[in-house]
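A.B. asks: Full structure from sequences and hints, please.
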Amino acid sequence: MWCLIKNGYIESRKSLVLGQEICFGTVAWDYSHLPLNINGRVCLLYSLFWGVLGVVWVKAVIPLMRKIFDRVHLPFEKVIVWAFIAFFVFDCALSASAALRMNERAQGIAASNKVEQFLDTYYPDDKMNQIYANSRPAE
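Take any residue in the sequence shown, note its place counting from 1, add 9, and you have its number in this note's numbering.
For the record, the hints were derived by calculation from the structure and aren't laboratory data. Heads up, none of these hints are tricks.
Here are the simulated DMTMM-like cross-link-like pairs (lysine to aspartate or glutamate), alpha carbons at most 20 Å apart as the crow flies:
#1 Lys123 with Asp134
#2 Lys136 with Asp100
#3 Lys123 with Glu113
#4 Lys76 with Glu86
#5 Lys68 with Asp79
#6 Lys136 with Glu125
#7 Lys123 with Asp100
#8 Lys136 with Glu113
C.D. replies: Set out below in structure tokens:
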């Protein structure tokens with residue numbers, strides 16, 4: 010039950026605060042057509058899915074990861090964890106930059122530096138629309 014409530018709350022906050030509507034002016038999902046939804050951001054069906062996945066994570070995945078990391082020496086474990094953290098931070102920064110640049114292109118703002126030129130070349134609107142196929146402007 011805790012996983013269901015916690016993940017439902019996180020999903021609703023992520024939709025509004027962590028970038029979608031406030032930072033990017035877009036909505037990535039809309040559950041308003043499903044029963045028992047809250048402002049289209051969260052619905053009971055998907056909250057149940059998140060709850061089940063949370064239980065699977067806590068009861069199966071984490072114990073498996075602990076067994077694996079118990080076999081790995083501590084210095085090597087730290088390297089793996091920091092490599093994943095670095096990759097995650099890089100991926101988040103690249104995704105956010107590409108999404109922000111897409112919004113700038115929609116406003117007719119030309120690329121003003123090498124990073125924006127890179128984003129225009131490798132993350133054009135067609136590709137971004139494929140990556141974020143369900144994204145639409147917030148109302």
